[in-house]
Structures are given as structure tokens and as C-alpha cells.
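> Chain by chain, the residues run as shown.
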Amino acid sequence: MSMLTRISRRTYARHPGQTILSVVGIALGVAVVLAIDLTTASAERAFESAVDSVGGRATHEIVGGAGEIEESIYARLRIEQGLRTMAPVVRGEVEAQVENAEQPAGVFTLYGIDPFAEAPLRSYFAFGTRETGSEFDLSEFLMGPGAFAVTERVGRRLGWAVGDRVVVEAQGYRSELELVALLQPSDPVAERGLDRILLTDIATAQEALGKVGRIDRIDVRLDEPARVEAMRARLPAGVELRPLADRRETLGELTRAFSLNLQALSLLTLLVGAFLIFNTVSFTVVRRRRAFGVLRALGATRSQVFRMVLLEAVLLGAVGTGLGIALGYGLAHGLLGIVTRTIEDHYFTVSVSSVPFSGADLAFAAALGFAVCVVAALAPAWDATRVPPREVLLQTPLETKWRRWTARGLVLAIALVGVGAVVLSTSVGLTAAYTGLFTILFGAACITPAVCRVVAGAVRPLCRVILGTLGVHAARSATSSLSRTAVATAALMLAVATTVGLGSMISSFRGTVDRWLQFTLVADVFVSPPVSVAERFRVRIDPEVSARIPEVEGVARAAAYRRFEVAGRAGGTDLPVVQCVSILGFEHVADVFEPVQGERAEILERALEGATVLVSEPFAHKHGLVVGDRFELRTPRGLEPFEIGGVFYDYASERGFVVVPRPLFEQHFDPIGISAYALFADVGVDPDELASRVEAAGGITQRLTARSSRGLREASLEVFDRTFQVTAALRLLCVVVAFLGIWSALSSLQLERKQEVGVLRAIGATRRQVVTWITTRTTILGLAAGLFALPVGAAVGWILVHVINRRSFGWSLLSFDVPIAVMVEALVLATAASLLASVPLAMRFARAKVPEALRES
Amino acid sequence: MMCSTRWAWLGMLLVACGDPETRDLRQAVRLEPREALSGDSAAGFARALEPRSFVFPEDHGPHPEFRTEWWYVTGNLYGSDRRRFGYQLTIFRNALGAEAPKRRSAWATRDVWFAHFAVTDVEGGAMHGFERFSRPALGLAGATAAPFRVWLEDWEIAAVDTDEGFRKLRVRARQGDVALDLDLRVDREPVLQGEQGLSRKSAEPGNASYYYSYPRIPSRGTVTIGETEVEVTGETWLDREWSTSALASDQVGWDWFALQLEDGRELMYYQMRKDDGTADAASAGIVASADGSVEHLGADEFELDVLETWGSPRHAEYPSAWSLRVPTLEIELAVRPVLADQEHDFLVRYWEGAVDVTGPDGVRGHGYVELTGYEPDDAPR
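So the protein sequences, as listed, match chains H and E. Quick note on the numbering used here: the first sequence kicks off at 1 and runs consecutively. Quick note on the numbering used here: the second sequence kicks off at 1 and runs consecutively.
Worth flagging that the hints you see were computed from the coordinates, not collected in a lab. A few of these clues could be false.
As the list claims (entries may be wrong) - Among the chain H residues that face chain E by a calculated CB cut under 8 Å, a handful are:
#1 A75
#2 D114
#3 L138
#4 L142
#5 I202
#6 Q206
#7 E207
#8 V212
#9 E224
#10 A226
By construction, the Cβ of each residue, glycine as well, lies at the ideal position given by its N, Cα and C atoms.
So that you can see chain H by itself, here it is in the shape it has in the complex:
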């Protein structure tokens, strides 16, 4: 073992607390990044594998104008046009429950296929055996009304056996199915993709999903590009051939902003971790200045010293990253439920039962952890090489040098904030927005020491009043040791600012959504079949049930919503799915549509005349559209242009949607059923009572869910809170790292100031006074960090709300606030935590014997 290595080892072994803190800091950072990466990626991969499994070898799909295709179109394509590498699909989400079981088995996608058309597309239908060992019986599958199959894996997971009867509910329709076969797909990927799928004959699916006469899409396999155009040319109007990759991309696109934001927030935690590493390495360098001087005097080269310090950082990084990866996997399991639930609340149903091991994600997290450690250690390592050999004999006033440096650093830091602000205001993309935010944060962190000095100066008179000379000394001491505490304080500030920023973002969002709900939920009762978000635009109320709803006793007026999905085109880009709604009785609910700009009455009038459509703000933002622009929707007669008459606030749908006024709908689209009603109660009728009466209107035909506006508001806010659970969890992790930062800073102080304590005790300070002196000093640092974190946090919040959220989702928030509670919390967190953390250390100091303390250093 070389002398250098021995020195390194001894340094870290003598300060295990410091070493552990930085390792834990980096470990937490890496863990959070990896966990977020893994969870969002597993959700996306699960979704993609489901798309691929059900798509099989299909390359394209044929979809209809308003989301569904009349089934005769399929037969025509097959017989008259001789198109054979295609298969019809009827699909829908169902909630399944085994007969007499207490718990529902969960949400599944019911897939209706025609086994005779499957061969060119999907291989997994080639199943051979049944539980009994006999062959799969086609007659049961085709003839048994309600016959269905699942993979053996699903059967095992749910404990289902052939012959089990399962009740499924789809869009309020209940039917009883019977499990007739357990499939054994030979491809394990396909098998995983079928984890949430109930497979039935197409006839069974049509009946169970209330789609008799219609199919959802036709999967097509076209291997030669030339055939694609030929086929497109032969398609009847109103249906469209599009590449299957679009389906994957569309849905991948949906969660892109969501994932990116989570990833960026996780990087913030790592940034705080990086400060901890920087702090530790700097600290050890400062501690060993003399040792380095001696080494250099003994002939060690600069590059040897540089390599030594860097190697130390790399080893710290390796341990931290290793721990972080293990921790990350654990954390990913914890976050998985929250993340997938959010995805299901907003985007699509997905089955993610486990976090798969992913080499790429792991390598990314490891590389990031290492890189952060190395970058964080570069400056201190360089600093170590600057120690001249003669310094062995000189006692250079470190703090003077530090101050000179901070003066220059301050200019640089302010410049960084400026650069960040310019990046934010001039760029358009989300990555640029985060780059700007991170630059500003880094700049602010560099300003922190200066702020500490100002704060310490400001509180000095107060300290004098409360604690006398000791207080003044403590305040002065807080700033005189900044070379060792600056970085930790900056890390603390960063962490607290992050919690303030996230807190104000969540609060601003919630405030906006709450306000918006108040003017949106104008009706008394809202009714629709029970469906997930993913199915909201596909659900239909049974025609007979639908006719009964406005007639229910106590209903004064009704607005009927026809929701549908069509393909479209905007600004030269194909939009595979545009969600649209047309409202019968629009005038009753017109208040809901609050235009982002323009004269409301005028906008609504033009829309009611059928001259223009209205679009929600996220829709306009996503596709770069403004009032007066035109975009196209695919109608049964092909693509037709629609003009935007107004853009309105909406916080319910991240994808955005289009309101097609009734005259335009009737002119361009074929009639479709009603998806939902907004009902106004007669005077004196209790909305909750009306809701239960309306639900009863569904009878045995179709179950309906009716909610009073109060109930709906609560439910909406519940979804909202769930959505921000991950953010809240990240915020909590930042707090944990911040705590570590304080500990780290205090450890530095303790070791540096032991001698000072000895002097204090020697000149007659009591133990109690020493404790007060130490705690005051650290509390001042905590307070400074906390105070500075408030404006920085508010800025972070503002950037998250007005730049990052707008670029990600296109929402303009109706309010922005930094709640008092969040600010108080931040201050309390910073000061109380440092206070609390300093007490045990201070006690240990106080107990130290005077001569011993003096002898140190």
C-alpha cells in the first residue's frame, strides 16, 4: 500500500460520519433517479409489450371515423377486395369478478378476435392443451356464450381454473363469462403482454361490450410498402389505414411529459447529493492542506495529489452508487403503485406487476452517480494540487483566501442565474427549460455563502440582545468558517428551495383546479356508465336507458354529451386520436367554457351557430393552434377542416379535446350514442337523491354512475392529489437529503472548531454557554439557508408552474401562490433541523476537557 493510499484511508476512517453522510447522499440521489427511471420505463414497456402482443405481427390498423367501424366494412374488404392478412378486433375494458368472490379481480381488456382470421397476425392463439390435458375445444370457445380464455400465467396469478365463471362489467353492461381455456403462448414477451387480457370470440366480445354490429379496428399486416398505398387507395371513406407504430407512439407520447418531469425532479435530488460529495471532498482537502504540503515537499507531484483526491471521490461514488442502485430497486417497487395509478388515472390502463431488471437503466444511473462524484471532486482535487510545499511552514489565513474567492464566485453565480433566466425565457423545449432551471439553481447555490454572511450580519444585533457577547461571537463565527460550511449550507438551501418550489407548484395547481371545478360543475348531477379515463370517449349509454334519463323525476334540464375519438391533422402533422365532444343542450352548460381570451358571449354564439369549434387549452398548446386556425378531423367523408372559434380553460384532460357544436356534428358525422349527461335538478330536489334515482334508470340493462357536483368535485380532487403523490414523495426525499446536508455541515464545523471550543472553555465559558454558542452558530446557518431558500423556492415554483408545466401540459394556471404553510415549513425545517442536529454534537463538545481541546490541531 502506497503512502498516499494510506493517507487517504486514514483520513476517511477518522471521519466515518462524514464519509457515511456523503455516501448516503449520493446513494439517495442515485436511488431516486434510478427508481423514477425504472417505474416510468416499466409502465411504458408494459404498455408497449401489451400493444405488441395484441398487435402481433400487424404492421397497420384500420380505424373508423368516430372510433368504431361498421362490421360489414370488414367483410367487404375481405371478400370484395381480397385483403386477407387482416383480422377484426373488438375490445373494451372490463372489471372482472369471479362469481361469489369478495374482491374484484381487477380491470382487464376484453379482446374479441376471429380465430379464423388470426393466423397471419397473432401466434398466441395457437394453443394446444387444457388443464385437463385434453385439447382446446373450438366449439366451446365459439359456441358457449361468454366463453373466454386467459394465459396460464394469469390463471395461476388469479387462481382461475377452467370452468370458473367470471362476471364482467363493461361500460355498465354486466355479463357472465366462463373460462374455457388457459393459453400457453410460446413467446414469453407475448405472454406478459397478455397479462391483463381476456380473450373471447368476436361475437362474445360484441355482446359483452354492447358493440353488436361494430368492431373497433382491423389489424393489418402489410409487409411491402407498395401494398400500403394500394390498400389505402381502396379503403372506403370514413376509415383510415395507419401504421401500428402510431398507436405505440401516441400512447408513449402521452406519458412523455409526465415521465420527463419526474426524471427532472429526481435529478434535483441527485444534484443535492452532488453538493454533499463536493462538501465531503472539499472538507477532507481543507483538513489535509498541511499533509499535502508535506507530501509535495517530500516529492509528490501535483498529478499524484490530484489523482489521489479524485480516486477518493471515485471510491466514495462507487460505494454510494452501488448502494443507490440497490436502494433504487427497492424504491422503484414502492413508487410503482403510485406511478402506474397516475398513468391509469390520466392516460391508459396498464399492468405492471414487477420492476424488470434493466441493464440500460442501471448503467445510466451508475454512470450518472460516478459522473456527479467526479465532477463534484474536480474542484477540490485541483485545489489540493495548489498547496505549495512551503505551506508546511506557513499558516496561510484560509478564510482570507476563501473570501477573495467568494467575491469572484459571487459575480459568477449571479451571471449563472442570469444565463438560466435567459435560457428559460428564450427557449421553447422542456429540456431547455430544465437546463435553465438547473442553471439558476446552481447559481443560487453559489450565492448562498454571501447570503449567509448578510444574514449573520443582520442577526448579530439580535444575538447581542438575546445572548450578549457570546451571541455576537457565534454570529461572527458562523461566517468565518464558511470555507467549510458554505457547500453544505448551499446543499441545504437547494434542498429546502426544492421543497418550497414543489410545494408551491402543487398548491398552485390545486388552487387552480379547485377554482376551475367550481365554475365547471354547474349542473347538479353528472351521469355516465362507469368507465376508466382511457375509455371515457368510447363509452355509450344504452339508447333505451339514455331516453329514460332526462325523464327521471326531478330533472329540470339535461345536457347530453356525445364523446368520440377521431383521427385528424393539424399543422401538417397527423393526429392519430383527437378526442371530441358534442353537446346536446349546450346552452345549459355553456358557462363551463371559460375562454382563455376573447369575448365569451361572442365566442359561444359563433360556436352555437355551428361556425366554429372550441378547443381546450392543452389541445391548442400541444398542436400549436390559436383562435382562427384550422385543423382537420376525419369524418365519414374524409378529412374536413374545422376552424377554432375559442380556446377554453380545462384541467381535466392532459391530451386536450375539441368541442364540436351540434350543428357541425350533425353536418359532418354519423349519429352516435350519448356518453354522459349533465342534469339540472328541479328546485328543491336534493342532488344526491336525484343521483340515486338516475342510477336506477339504468335498470338491469346498464349500470350507471351518477354523481352530484359535490361528489364529482371531491372525486376530481382525489385524482388530483393522487397525481401529485409522486411529486410529494420526491419532495420528502429532498427533505431527507437536506437533513443529511445539515449533519454534514455540522460535522465539518465540529471538527474544525474543536480548538475554538477549547479556547472558549479556557477563558471561562461554561458548558452551557458552549452549547448555546454552537447551537446559535448552526441555527444562524440553517436560518440563512432557510431564508434564502424562500425566494429561490418561489422562483423554482414559478418556473415549474409557468414554464415547465406550460411546456409539458399546456395549462395556464389561474393562480400562483407560495403558501404560508410551505414557507413556514421550510424555515422550520432548515432552522429547527440544524438546531436539533447540533445539540448532541454541542453536548459532546461541551464535555471535552479543556487541555485536550486546546491540544488539538
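Chain E: place on chain H using the hints.
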């Protein structure tokens, strides 16, 4: 084409050919005829127990009260340059249950339809075979008696116009770059097989079908393979058969010959093979003469000897040259495939192909032969 139970099994399997994934399934399912016919499976269906009077055109149409039926055309065709082709188009209906389901969806069905289409290109040295499955929903597959039409998607055998009825048929099929389009002039009355159309397949009553044939139909049209469309003329043999059960448990397969001789005679012989290698006593055939007379012959009146065999690359060993004699009628024929490999690599593998016929007295002819049950149980798929 006594293949009813085998085809019935085929219907049970639902997976189309050509898909590598289906190989597991094919292997998993042992296509033993004896398994196919339990008493239960025939319950609810009509049985072919005694001779009936045939009524046309109704009997050209479907017989849903029976479990299975098919429309079968095979033929030898010659191009203007004497380029030689064989063809086969078979459309099967197979019921999965006796009761039609009462359901709301039009896709709900109790019948599976499937079809085999093959063109043998003698000069090209290849047989092109295709298999399809479907259901009688939305007009995807079906059969009607008047106007006569039986189809599976765009493969069909249909009357050209209502006035001519079954006299003028059109056979059309296309898959990939192989196509067939033929006009058939049916100028004779059908030949009722067996006992006035009741064709017994084993000793057990009810193991029989109703079966009639048009043994020689002048045909004209086009065969397309790849870029080349060839004008052809030739002769078609048309079989119609429906039944509920046919095979006895000890029968493993059959050899079926449908031969058209230049002297105007036609010969049909089916030999049911038992698991001990001998011919079942229920084997039978006919010899029809140009004047319209038909001789019904029993198993003991035929002498069939296999002269050569051919090993399929797919592991079956088929007979590939025969001597077929009917001593009472002084018929002695050598039968030889026009191409060795006319094996159908379908869900159920079998050999069906065009043959040449020669006799010592200089008589010549052509025909079609079907060979089933030759695949060993352990053949890899």
C-alpha cells in the same frame, strides 16, 4: 372423399396453416379418426341411414341438419401449348354443435367453413396449395341452392346465371399470385354413388354419407401463376357429399381414385384402409360409361397394387404408382402421379394430386387421387 371425420377434426383445430406456431398444436393433437366419432358428437344431427330421393337444385345447397358436407372439384387442365395443370377446390362446412346459437352478434356461429385450393403446375414442377377458414357471418362463407353458390370469401363455385342453374358453373379462386377462373359446362345427370346415393363407409349403420358425383365436366378458363395467365381447357370431376359420421374405429385412412378415360368411361374407387393394413370390405366404386350407364362395384371387384412409393420431405411414405384392375370389366390401368410432390402441408397433411392413366390396350386417361392417413404419428411438424 370419405374424409368426413378427418375434416370434422380439422374444423376443431381452428388454426390455419403456414404459421410456425401452429406446429406445436398439430403435434399435440393426434388426428385419429376413431377419436372423432363418439356417439355424443352425432347427437342432434341427422344420420345417413337409408337411401333417400335427391331433389335438385335443393340438394346442391347446404344440409345443415348433417354435421358435415363438402363441395369438391378436381380436374386436369391443358394450356394451348399443352402446358399441363391439375387443380382442386374444396369447400367444407363443419358443424361444431347441432343447435344454432341464439345470440345477438352476427358473428355467433355453430359452423366452421374451410376450403382447400391447389394448382399443380407440371412444367413448373410445383404444386401451389392454400387453406382457409371462416365462419358463415357477414357473408364471409356459405352456400345457397338457388341460385347455386358456395363460397369462402373470394373462393367460390357458383351458377353463372339463374336460368341455366347447375348447368353452367364458374369456379374462381385466387391467393397470392396463383389464380383459377373456370367455366364448367355440366352436360350430364349426376351419378349417385353407393346404394342410390347412400355411400356406406363401414359396416355400422349410420356410418355413411349421401354422395353424388358429376364425373366429367368439360371445363374452360384460365390458370394464373405469377405473371403468366394461361388459357386452359380440360375436365373436372365434381363431388357432393354430406354426412354426420362415417368412419369405423379400425379405419386409418383411405385411397381414392377418380379417373377419366379417353374412351369415355370414368372410374371411381375408394379403398378404406384398416389399421392392420388390409382393405375394408366397405370399400367400393363405380365405372360409368359414355352412354350414361353406371356399374356399382364392391371391394372384391377391385384389385389395387402399389408398385412404387414416394417419401415425402415431410416424413410420410405415400404410394406413387399403382396397378388398378377390375377383372370383371377387363379393366387394367397403370396410375402414376404427374408430379411426385402433391402433398398438402395443411393443418391435416394429405396427398391429393393429378395422375396419368395408361392401359395395356392403349387406353389413356387422367384423374385425381387422394391419399390420407399416411403420416406417421410421430412425424415432426
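> Next, verify each hint and record whether it holds.
Against the structure, the hints:
1. A75: holds (4 Å)
2. D114: holds (7 Å)
3. L138: Check passed: Cβ of L138/H comes within 5 Å of chain E, closer than 8 Å.
4. L142: holds (6 Å)
5. I202: Holds. Min distance 5 Å.
6. Q206: Because about 4 Å separates Q206/H from the closest Cβ in chain E, which is inside the 8 Å limit, the hint holds.
7. E207: Holds: closest Cβ of chain E sits about 5 Å from E207/H, inside 8 Å.
8. V212: holds (5 Å)
9. E224: This interface hint is violated because 12 Å lies over the 8 Å limit.
10. A226: Status violated, d = 14 Å.
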